[in-house]
Structure formats: C-alpha cells, structure tokens
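Just so you know, the sequences run in chain order A and B.
If you count the first sequence from 1, you need to add 6 to reach my numbering.
Every letter in the second sequence is one number past the one before it in my numbering, and letter 43, counting from 1, is 27.
Because the hints were derived from the structure by calculation, they are not lab data.
Positions of the beta carbon are idealized from the N, C-alpha and C atoms, including for glycine.
Accuracy of the hints is not assured; some may be wrong.
As the list claims (entries may be wrong) - On the chain A side, residues computed to face chain B include the following (Cβ under 7 Å): (1) Glu314; (2) Ser315; (3) Met318; (4) Ala319; (5) Leu322; (6) Arg384; (7) Ala385; (8) Ala388.
Said to hold, decoys possible - Far from chain B by the CB rule (all over 12 Å, computed), these chain A residues: (9) Asp23; (10) Arg48; (11) Leu284.
To be verified - 30 Å max Cα-Cα, derived DSSO-like pairs, lysine-lysine: (12) Lys155/B to Lys173/B; (13) Lys21/B to Lys109/A; (14) Lys21/B to Lys173/B; (15) Lys21/B to Lys215/A.
Spelled out, the chains give:
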Amino acid sequence: MPEPIYLDHAATTPVRDEVRAAMEPFLGPRFGNPSSAHRWGRDARTALDEARERVARCLNARPDEVCFTSGGTEGDNLAVFGPWRARRAGGRRAIVTSPIEHKAVLAAVHHAAERDGAEERVVPVDGDGLVDREAYRAALAGAAVASVMWVNNEVGVVQPIAELGAEARAQDVVFHTDAVQAFGKIAIDVTTLPADLLTISGHKIGAPKGIGAIYIRRGTPLEPLFYGGAQDRGRRPGTENVAFAVGLALAAELAVAEREEECARLGAMRDAFEARLLAEVPDAVIHGRGAPRAPHVCNVSVPGVDAESLLMALDLQGIAASGGSACQTGNAAPSHVLLAMGVAPELAAGAVRLSFGCLSTPEQVDRVASLLPAMVARARAAASAVPVW
Amino acid sequence: MSGRERVLVAMSGGVDSSVAAALLVGQGYDVVGATMKLFCYGEEVPDRPCCSLDSIDDARRVCQRLGVPHYVLNLEDRFGVDVVDDFVAEYARGRTPIPCVRCNTFTKFRDLLRKADAIDARWIATGHYARAEGGRLLRGRDRGKDQSYFLWGVDRAVVARMLLPVGDSTKAETRAAARALGLDVVAEKVESQDICFVPDGDHTKIIRQRLGDDAPALARGPIVLADGRVVGEHDGHARFTVGQRRGLPGGFAEPMYVVAIRPRERAVVIGPREQLLGRGLVARGVNWLVDPPAAGATLEVQVRHRARAVAAELVRADGDEVELALQEPVAAITPGQSAVLYAGEQVLGGGFIEAATGQRLALPVLAA
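All chains, full assembly: derive it from the sequences and hints.
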C-alpha cells in the first residue's frame, strides 16, 4: 500500500518534535511538584509560570487569566457550569447556546437543564451554520452565560464571535467561545475580543492529548468544577501537569507564529480539493460553503453514498477521514450539526469530513482527489443495488 | 492493490467469527473485519456476551492482533425493521419466530453484503458452523453445532460469495485454534444462547416495549383443550410456544403440551403428546438454494434447530409456498419456525412454517 494519508487533523494531530523535546526534561530530572518549596518545586513552578505567560501572550491575555485544563471538554464544562453556578442565585438561570456546538458544551448545558434547573436556550442556525442573530439577541435576555463556538469542528464554519460576544456582554451575559478549532487558524486578541471565557485544546495544535487551557477574563463569576488544593487560585485544584503545560505553551507559540502561512497553505489545498471533487462528482454537497469557513475543514456528502462505506473504502486505501466528529463508535445517527443546519437526514448520514493540517501535502490531496470519484461510484452502486428478493 | 482476494468478515467479538477471520488471514485473503451494531440495549443490560460495545472492542482487538482493519457498521435501522419488528409481529400473530434466520437473510447476507460491494470485497464471511462449497450450502462438520438451519434464506447467488471457515471444525477445535492463535480475548468466552436483542431471555419485554402494556399477545386468555373446553387461564399467549409444558395447569392423566395458539381468541390450546404430532406442513416465504425440485420429490425436512431431519415428500411447490408430507410424525411443528429442506448434508432451501397438517386437531391456515 502507498504511504497512508492522514486527513483527520480536526480529530487530533501528532505531537510536534520540538514540543516533545521541550517536555522531555519535565518527565525526567525536572519532575518537581510546582507547589513544593524546595528546589525541585521552584524549578517546576517557574516552568509552569512561564508556560502560563507564554500561552497568555498567544491570546494577548494576562497570565492570571490563563488556567490549564485537561483539554477542550473540561474547558467547555467549566465555561458552562462555572458562570451558571456562580450566577443562578442572582436569578440568571438561562444558558444560551447554539445547536452546532461540540457535545462538550451541548451535553453540559443539557445536564444543567435536566438536573439543576437551568433554562436551556438553543438558538437556531441557518443553512450554512451561522447563528440566527435575532433569535440570539432575544435569547440573551436575563441569561447567565452564552456559549458559541468560534470554528465548528465538523464543518469549519466561522461565527462572528466579536459581534456575538459584544451582544452578550451588552446584556451582562458571560460570554464563552469554544476556540478549540479556531486557535492557530484565527488571530485571537482578548483585549479587543469581547469574550469572558475562551477554550483551547493542545492536541489539535501539536501538543499532547490531555492538556488544554481556558482564558478567564478577570472578574468573571466562576465556580470551579473540582475542589481540592489551592492550585491555580482554586479555579483548578490538582497538581499541575507541568510537562504538558510546557508542551502546550510551545505548540501555541508555534501555531500563532505559523498561522498566516499555514492557513494560506491549508486553504489552497482545501480549495483545490473541493474544486476537483465538484468537477468530478458534480452532485457532491459541501456543507457550510456559503459561510466563512476555517481553511482546514471540508465536510462533504454525496447523495446515495453512506459515510460508513466511503470511510471504509478510504481507509482501505490508507486514507484517514471521519464521519462528522471522531467520537462516536457505531453511532449512525446523522450529525447534529448538519441536522441543525437543515441538511436532510439521508444526506447528513453520508457526510464525510476531511481535515487538513501539518501532515498534509498538495501531492496527498491530489491523490485523494483522484481516488475519490471511483470510490464514490462504487459505494453509490452498492447502496442502490436492487435486492434480488 | 495486491492481487489477494478481499473478504469482509462479520465479527461479533466471539470466538467463532474471530477464528474465522484468523483462518482467512492464514489462507492469504485480504481480510477486512466488521462488527455490526444492530440495536441498542440502552442502560438496562450491563453485561452481555455478544453485540454490546464491549464485543465491538473485542473484535477490534482481534483484528488489531491479526493486523487487519476493523470497522463498526451501524445497521440498527434496517435490523429494527427486518428483524425486531417482524419478531414482535410474529408473536402477536401467535407464532414463534426465529430472528436469526431473518438476520442472516436480510442483515448479514444482504445489508452487509452491500458494504462488501462498496469496498470491492468479493467474499463475505461469518463464523457460522456450516459450509459453503461451490455454491452449495452444507451442514457444519460438527453436527452438534450445525447452524445451517439458520441460513436457508440467503439468496442463492450470495451462497457463491460466502466463506464459512469454521464450518469444517468442531467447537472444541475452534476454541483450541483461538488459543493457538493467541486470541485470548475470545478463546474462553461464554457462548451466547439468547437472542441477541433479548439479552435476559425474556422476549415479552421487547413485545411490551413495541406494542405497549395492553398488547393482546400479553393479555390474559383461556387455556383450552382441542374440543374447546376451558381448563385454565394464561397471562399472554406470547409466553407460549408449541411443545411447551412449562406454565400449564396440572391434574391431567398424561403430560400436556401446548399444541396450538389461537391469537384471535387469545387461546392457548393444550393436549397430550399425540396431538403434538404432525404428519405434514405448509411453509411460506420459500427460498431455494438449488433448482426447485418437482412435486413428488423426496427430501428431508428439519422443523426446529437441533431437531432431527425426517424424510418427506414434496406434495406441491407453487411460488413461495410448499406443502410437505412427512414419512413419520414429527412433534411440535410450530408456525413461525423454519422448515429447512435437506438432501443429506446439503441445504436445498427452506421456508417459514405456516401450519402443521395431519394433526389430530384441525387448525385453520392463517391468511398470509
């Protein structure tokens, strides 16, 4: 088999060599607990503080506004439950969100509604996945927190986060954006961005799985998820993962430094791929194409082709893609994102996501584009075969 | 791509299909493993030997060990319609369904076959104890494990694409092969005896789930003798099958069996053993795996899994219906079960039993 091709960077990315090298000492000689008073502790603490400062610089935030987490899901949960729990006593019991959020937000909001009496306000999106602004404004009234993702992980659609954030804050609603897919693709400056909370994840940008960070604007009302020691001002008790925090800091710096060039490179590949795909499979539907999209995601359905068959055929040719998001083994339910965008269930059930990134090259994209039409034709023929009985 | 022939192997995470995959790898096939997700238990059933997500994980581990790809294929929608809905409807009609036959016919060897087509796999394989040779379907070598009874509904053209690699082995050999191949995950797994979507053996739960608490099949009705005399009461005819003794009133001179179920009156008919014997049967939904024999042909018929096949004459065969005259009386010929036709080792075809004939009590043949 020819060299395998990884087109699932939205699911995860490999740890960069320089990131691994930067982490290495903290898995060995510099193993100290950052809360310890001795030299090992001081050494680890210094590295942790520096990592925090470096991540903060990537967002133009203050270091005390950066809290390390275990990743995107923890950040999203903290951003939903934290402000809601802090504000419910004051009468703000509603949580505003969109139906195309990551499950880490949707399930947290739903849990707060089902179990803790929050009011769940899910604002519809249009056919390209953009939040309905009028419904959004109306939903904000009296809400505790609003959470809208910046770049959608399945279709790549970019929300006008500055505007959505400004509207939320104008109504005294804490505003969170899940920027897991946006970081490294869109310039982020929290001094001008009207967001109170912003979640990022390490493994989407070349740091390991299990590390992330959340930006918490000073003064944001927030109850912690965990209780324990005084680490991170009590916002996130538990001995800090120093090695991974150092890794995240470097990965974030590299992503910011390479952002413009990498986005241009990925966008050119993605656009070339889509142009070829549409030329050869004219009835292919590229989701979210009418909205601004991040440059690394292509989400496509072909009528009459089921995603399972196409993903198998791709994988057997060494090409890794995914249906919707990576998480749900054996779940054939069509993507909640596509359904919310009004895509017909049959078409949504056939959606395949190809996401480009550090491992992608134009030659690979060329090869996928040349193999795909035959796979589509075969899957389509198999699915439409008339049963003989 | 290499010139090896590709085979899609349906893997349940159990020992038989795992060994099937391993044997095919050894025979040089380009093996692709797939586990079908067919239904969701929800949170009710924490532990099941088959078909749960754990089983998917086991199948994946086996494939990883064999160095072949593994996929999870969700066929829940189709399985729900083709197998589960039919299962419930059959009980509602007073019959005793065999969902495994419909799963093989529709799910494994039709829906899964389409996935095989999509990846250009010439072959499709399972861990059934049966043999497919030169387009003929044969009993498994291990007669105690033979599963050919469940495979009669597969389309004749599909048999030519089937590989059943454990059909030549005994169960003990299969387990030994699993150990020898290092498939420790599955080698000692407990065999699943239940119907996969009825994990605790209580099929009334799913009937209630689908048809509601007030489903007539689960409502009280009379237990009657063949002459109509009421001798007791039951709490749902779906709890009974022909030949059953459990749950019947006592006080008779000889052992009593369920001899028929009459759903319209919600009646369970009981009688002594001689009333259980049939001398012929009518089957519908017939599928032939050979050129259909002419009326008057002699063949063998098996009316239950694990029952002995008996000689029979094909009285008539029109369209998808056959009538057979048995050369010896057979007990518990049960509507909804399969009548599978054999010539020695070879499966000729089969159909769903519509009615027994030549019973001492006359039963109306239901309209299809």
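Q. Per the CB criterion, is Ala388/A less than 7 Å away from chain B?
A. This interface hint holds because 3 Å falls under the 7 Å limit.
**Q.** Given hint Lys173/B paired with Lys155/B - CA-CA distance at most 30 Å
**A.** The hint holds at about 12 Å.
Q: Could you check that no beta carbon of chain B comes within 12 Å of the beta carbon of Asp23/A?
A: Since the minimum Cβ distance to chain B is about 27 Å, Asp23/A lies beyond 12 Å and the statement holds.
Q. For the hint on Glu314/A, does the least C-beta distance to chain B fall short of 7 Å?
A. holds, 5 Å
Q.
Min Cβ distance, Arg384/A to chain B: is it shorter than 7 Å?
A. holds, 6 Å
**Q.** Restraint outcome when Ala319/A is required to lie within 7 Å of chain B by C-beta distance
**A.** Holds: closest Cβ of chain B sits about 5 Å from Ala319/A, inside 7 Å.
Q) Can the hint on Met318/A be confirmed by a CB-to-CB distance to chain B that is less than 7 Å? A) With a closest approach of 5 Å, the Met318/A hint holds.
Q. Within 30 Å, alpha carbon to alpha carbon, are Lys21/B and Lys173/B?
A. Status holds; Cα separation ~19 Å.
**Q.** Whether Arg48/A stays farther than 12 Å from all C-beta atoms of chain B, as the label says
**A.** About 44 Å separates Arg48/A from the closest Cβ of chain B, which puts it past 12 Å; holds.
Q. With 7 Å as the cut and Cβ atoms as the points, is Ser315/A at the interface with chain B?
A. holds, 3 Å
**Q.** Given hint Lys215/A paired with Lys21/B - CA-CA distance at most 30 Å
**A.** Given that 30 Å is the threshold and the Cα spacing comes to 28 Å, the pair holds.
Q) Quick one, is the Ala385/A hint okay against chain B at 7 Å, beta carbons? A) holds, 4 Å
Hint violations for this structure: none, all hints satisfied.
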